[in-house]
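In order, the protein sequences belong to chains V and S. The numbering of the first sequence is the working numbering, which starts it at 1333 and goes up by one. The numbering of the second sequence is the working numbering, which starts it at 118 and goes up by one.
Treat the hints as calculated values from the structure; they're not laboratory data. Computed from a prediction, not measured in an experiment: that's the story for all the values here. We put the CB at the ideal spot given by N, CA and C, even for glycine. One thing to keep in mind: the hints can contain errors.
Stated by the list, open to error - The list that follows gives simulated cross-link-like pairs (lysine to aspartate or glutamate, DMTMM-like), each with its CA atoms no further than 25 Å apart:
1) Lys542/S / Asp1642/V
2) Lys547/S / Asp1344/V
3) Lys1629/V / Glu534/S
4) Lys530/S / Asp1344/V
5) Lys547/S / Glu1419/V
6) Lys1651/V / Asp389/S
7) Lys1629/V / Asp389/S
8) Lys1651/V / Glu534/S
9) Lys1651/V / Glu339/S
10) Lys1631/V / Glu545/S
11) Lys1651/V / Asp372/S
12) Lys303/S / Asp1634/V
13) Lys1631/V / Glu375/S
14) Lys532/S / Asp1634/V
15) Lys568/S / Glu1648/V
16) Lys384/S / Glu1419/V
17) Lys503/S / Asp1634/V
18) Lys384/S / Asp1446/V
19) Lys1640/V / Asp389/S
20) Lys503/S / Asp1344/V
Stated by the list, open to error - Label-pair distances were calculated between CB atoms; the ranges are:
21) Gly1435/V / Lys646/S: 53 to 61 Å
22) Ala379/S / Lys1336/V: 47 to 55 Å
23) Asp176/S / Trp1576/V: 47 to 55 Å
Claimed, not checked - Far from chain S, some chain V residues (derived; all Cβ distances over 10 Å):
24) Gly1334
25) Ser1338
26) Ala1367
27) Gly1370
28) Leu1371
29) Asn1483
30) Lys1542
31) Gly1547
32) Arg1560
33) Lys1583
34) Trp1593
35) Asp1595
36) Glu1608
37) Thr1652
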Amino acid sequence: MGLKPSDFRVPDVFADWCPGCGDFGIMNGLQMAFAELGLEPHQIVVVSGIGCSGKEAHNVKAYGVHTLHGRTLPFATGIKVANPQLEVLAIGGDGDGLGIGAGHFVNTGRRNLDMTYIIHNNGVYGLTKGQASPTLQRDVQTKSLPKPNINEPVNPIGLAVISGYTFAARSYAFDVRHLKEMVKQGIQHKGLAFIECLQPCPTYNNLTTKDWYAGEDRKDASGKPQSRLYKLEETGFDPNVRDWSEDFQKKMAALDKAREWGDKIPIGVFYKNELEPTFQERIASRIPFYMERPPAKQKLCDESGMSKVDLAEFMEDLKTS
Amino acid sequence: MDTAANIFGKACGYGGLYVFGRREYHSNIKGLHSYFHLRISPKEILANVNDVDLLAAFDAETAVRHINEVVPEGGVIIDSMQVNTKVLDIPTLPPEFKDELVKFMKENNVGETLNDWLNYAKQKNVHVFPVPYMELLNQIGEQLGIEKISKITRMINVLTIGVSFALFKYDRDLAEKAIRATFAEKGKIAEMNVTALNHAYDYAEENFDGFKHRLEKTEVNEERIFLTGNQAVAMGKVLGGCRVQTYYPITPAADESEYLEAHQIMKTGGDDEAIVVIQTEDEIAAINSAVGAALAGARAATSTSGPGFSLMVEGLSWAGHSEVPVVITYYQRGAPATGLPTRNGQADLRFAMHAGHGEFPRIILASGDIEECFYDAAKVFNLAEKYQMPVIHLLDKAMANCSQTYPVFDYGKFKIERGEILTEKELEGKEYRRFRFTETGVSPRAVLGTKNGVHWYTGDEHNEMGHISEEPLNRRLMVEKRMKKLDLVEKEMPVEDKLKFYGDRDSENIVVSWGSPKGAIIESLDMLKQEGFSLGFMQLRLLHPLPAGDVKKALEGKKRIIDVEDNYTGQLGGVIKEKTGIAPNFHILKYTGRPMTTTEVHAAIKAILTGKAPERQVLMFGS
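From just these sequences and the hints, can you work out the full model?
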């Protein structure tokens, strides 16, 4: 019998997000995805950063590592390299991953570790009371900003694609089924998967609200709201790279789609390439037994604790007699 | 230059001689003055001295900078084409140094060309051996059928070795052997260099005489190695079970990581094991990836120097708070800021002790020589895992880049102690709490991925489960749980890992020091003993938690407590005063970035013992 999403709940912890926060949706999406993939809590490590999103790690029953601001990816990298058998998910906010942690965002792309990175994107720094995050549009003024935002936004999907992430997708916190699907695909993807999860911040972002995403301000003739979100998979968009010869075009198509914002916002998979060797494969090409005996699984010593490492080869290099 | 020094050192080693090498270089790739100082003896050598018997200068600047170090009856090998160089026109000399030269030339009536300088040296009975390097290269080129001499100019190094060994009348076969070993994988290059060596050796034998210093090979019955501190640390890590090493390139730490990566796979008698070396995007990623790997159950380390450690501080705080067994190998260099990036320093003790916001436990273990570097590099992983805290292995540039001869290390008895790690079976059917309150403060650990052991970590204050908690009582208990582990460390640590004594322990005079000055101090101690002085030396190894009781006992009632350190403020002396109430009354300090030599340490201590020294002496030797 597989586990149910409710088996991934943590009853001892009160989820202290504001009512209406997208983080609840993301939490549910994770729990559903883990259950549907047949994973068990001890096989998963959720690594999170600082910010409201950082608390996801405490609200999912799995190994949880709530780290430092901006450093989710380095922690996750160390964990995955030490034990590649673990299912590692890195989770952070837009400020965490694209502001203070932007260097790690780019450089982790160069390694293509087989893990999943989810960014909660709500355009603001919630925990510090609503400053502009790196994804907020220029010249807009959310309610706690003293002046309109003076900086251009980062494009998360675009940055992921050009940084070497081999899976780039977007979802929406209040479309839990879609989100769950993206998380599942991200986990199943062979390589580094990036998922941008759009979410409202009911307390500090009064512009890109739940109603705004739902299109409450743009009803059709019958009075039905016209959602700003549309699904790439329903438009026939094909993100899959099946041969290296089509990689450049697929990347360009993904970048083109990533530019869309405003009245038409795509969600779904923008880019997917499983041809690129993962970091694990690259290490295994140097250390043939890496996957069977990764760093965390090596014996180091015999039963009595004696180190069995033979340094003869080192010594031979250094000998002067 | 490094290759030449290594060939020279190896050749001496083959002859049963001990070698101590010190590498000095600028923070550039080429162009500025670099040098390698080798000391050779049939007896063990622990440090450098000021005196130079033979100076082999590839360029005019080297001759100018070091000529006054050459002893009477010593020698200077110089490129004969350089002798007409006008000293003040040497383009690499900085203006502040030229001022010193002008003053020297005026005071000693030395003319403007290098030849004038050489004549000045000759007046002090120094032999000058001008070698026509280009001419020799042309002859060798002809012999080897190489038309483009530019292709073999690098062999000037080997020509110098040939001339040097001829002057010392040392067995040239041993030099040949060293060349073949150095270029083992490049047979043709090895043969070219052997030809060059012999050509230079013959030239010197035919043209030079009068040099009286000799190097004589001796028979030894033990196997020896010649290695740097960087190499010793790398090997120690392998032995100690380090299986993930992260780093961002920085002097003088990076050589260690590269050496590890080059020797990635290791034999164990059973299954091979391997270390994964990750070059990260910065030191922030380096520490945090190492922490991640440690959480997953691998023995993990990162290696850096001051500027890198500055970036690691937030991660260190997280590791201390979350009780993570991670090792930081910290090579101090000339600081602050970029400082003297390729030079020595010991000014980061206070930083290593206090780095990080808040209060959390850490261990700082400082090695004092290359052999200690090796064993300590293995031991620190036991400490990290037993006490579940970050361990800083505090070293310095002098140890990183100096090389020394030792008998082959006897590493077969090293025992891995992993502390309490719970298995899936042990956890079955029980509620596991990662940070369970215990008497010692150490909670049995489950590594990420262990079945039945799901738990959480957070940088926020946590409860026993690892979830965020701001409850006052829990907070108090957690702070105390973490901090009291330090008492356990102090209690359980073997005394030789805390401190070591040399010389006369009961003497009223005691030297206290840590790190690389050790070698020069021990040699000074031996010299002073022969001169009739009584003196002890306490080398501090466990710098945090400082074994205050042992230190106090050793210092109580002493008349002269002499603090020897490579920094301005006497940091260890200050820490000792803080923890024991006893303050050193003499300081011998150096902050030029060049390691202390036996000559100057001996003179400084002697001045104190004879009542001729001020409370504070600042050492200056070395260019």
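Taking the hints in turn, this is what the structure says about them:
For the hint pairing Lys542/S with Asp1642/V, the CA-to-CA distance comes to about 31 Å; that exceeds 25 Å, so the pair is violated. For the hint pairing Lys547/S with Asp1344/V, the CA-to-CA distance comes to about 16 Å; that is within 25 Å, so the pair holds. Annotation: proposed proximity of Lys1629/V to Glu534/S holds, straight-line Cα distance about 16 Å (limit 25 Å). For a cut-off of 25 Å, the pair hint linking Lys530/S to Asp1344/V is broken: about 47 Å separates their Cα positions.
Of the pairs offered as hints, the one joining Lys547/S and Glu1419/V holds, with about 24 Å between alpha carbons and a cut-off of 25 Å not exceeded. A hinted pair counts as satisfied when its Cα atoms are at most 25 Å apart, and Lys1651/V with Asp389/S qualifies at roughly 23 Å. Of the supplied pair hints, the one linking Lys1629/V and Asp389/S holds, its CA atoms being roughly 12 Å apart against a limit of 25 Å. The straight-line distance between the Cα atoms of Lys1651/V and Glu534/S is roughly 29 Å, outside the 25 Å bound, and the hint therefore fails.
For the given pair, Lys1651/V sits about 11 Å from Glu339/S by alpha-carbon distance, which is consistent with the 25 Å threshold. Between Lys1631/V and Glu545/S, the direct Cα distance comes to roughly 22 Å. Compliance with the 25 Å bound is thereby established for this hinted pair. For the proposed pair Lys1651/V and Asp372/S, the alpha carbon gap of about 19 Å is at most 25 Å, so the pair holds. Pair hint Lys303/S plus Asp1634/V does not hold up; C-alpha atoms about 39 Å apart against a cutoff of 25 Å.
Our distance criterion of 25 Å between C-alpha atoms is met by Lys1631/V and Glu375/S, whose separation comes to about 24 Å. Taken as a hint, the Lys532/S and Asp1634/V pair is honoured in the structure, with Cα atoms around 9 Å apart against an allowance of 25 Å. Proximity of Lys568/S to Glu1648/V is assessed by CA-CA distance (about 42 Å); at most 25 Å being required, the pair is judged violated. As the CA atoms of Lys384/S and Glu1419/V are separated by approximately 30 Å, the hinted pair breaks the 25 Å bound.
Note on Lys503/S and Asp1634/V: the hinted pairing holds, with a Cα-Cα distance of about 18 Å set against a maximum of 25 Å. The suggested pairing of Lys384/S with Asp1446/V is violated, with an alpha-carbon distance near 28 Å, which exceeds 25 Å. Restraint check for Lys1640/V and Asp389/S: satisfied, since their Cα atoms lie roughly 10 Å apart, inside the 25 Å limit. Restraint check for Lys503/S and Asp1344/V: not satisfied, since their Cα atoms lie roughly 30 Å apart, outside the 25 Å limit.
Separation of Gly1435/V from Lys646/S is about 55 Å and conforms to the stated range, judged on CB atoms against 53 to 61 Å. Hint check: Ala379/S to Lys1336/V, Cβ distance near 50 Å, so the stated range 47 to 55 Å holds. In this structure, Asp176/S and Trp1576/V meet the distance hint of 47 to 55 Å, their C-beta atoms being roughly 51 Å apart. With a least CB separation of 16 Å from chain S, Gly1334/V remains clear of the 10 Å interface cut-off, as annotated.
Separation of Ser1338/V from chain S is adequate, the least Cβ-Cβ distance of about 16 Å exceeding the 10 Å criterion. A cut-off of 10 Å between C-beta atoms confirms that Ala1367/V is not in contact with chain S; the least separation is 15 Å. With a least beta-carbon separation of about 15 Å from chain S, Gly1370/V lies farther than 10 Å from that chain, consistent with its non-interface assignment. With a least beta-carbon separation of about 12 Å from chain S, Leu1371/V lies farther than 10 Å from that chain, consistent with its non-interface assignment.
Residue placement check: Asn1483/V keeps its beta carbon more than 10 Å from all beta carbons of chain S (closest about 23 Å). Separation of Lys1542/V from chain S is adequate, the least Cβ-Cβ distance of about 27 Å exceeding the 10 Å criterion. Distance check on Gly1547/V: its Cβ is at least 37 Å (rounded) from any Cβ of chain S, clearing the 10 Å threshold; non-interface status holds. No Cβ of chain S approaches the Cβ of Arg1560/V within 10 Å, the least distance being about 35 Å, so the stated non-interface status holds.
The Cβ of Lys1583/V sits about 22 Å from the closest Cβ of chain S, beyond the 10 Å cut-off, so the non-interface label holds. Every Cβ of chain S is farther than 10 Å from the Cβ of Trp1593/V; the closest lies at roughly 29 Å, confirming the non-interface assignment. Listed as a non-interface residue, Asp1595/V keeps its Cβ farther than 10 Å from every Cβ of chain S; the least gap is roughly 37 Å. No Cβ of chain S approaches the Cβ of Glu1608/V within 10 Å, the least distance being about 18 Å, so the stated non-interface status holds.
Against chain S, the non-interface label of Thr1652/V is violated: not every CB pair exceeds 10 Å, the least being about 2 Å.
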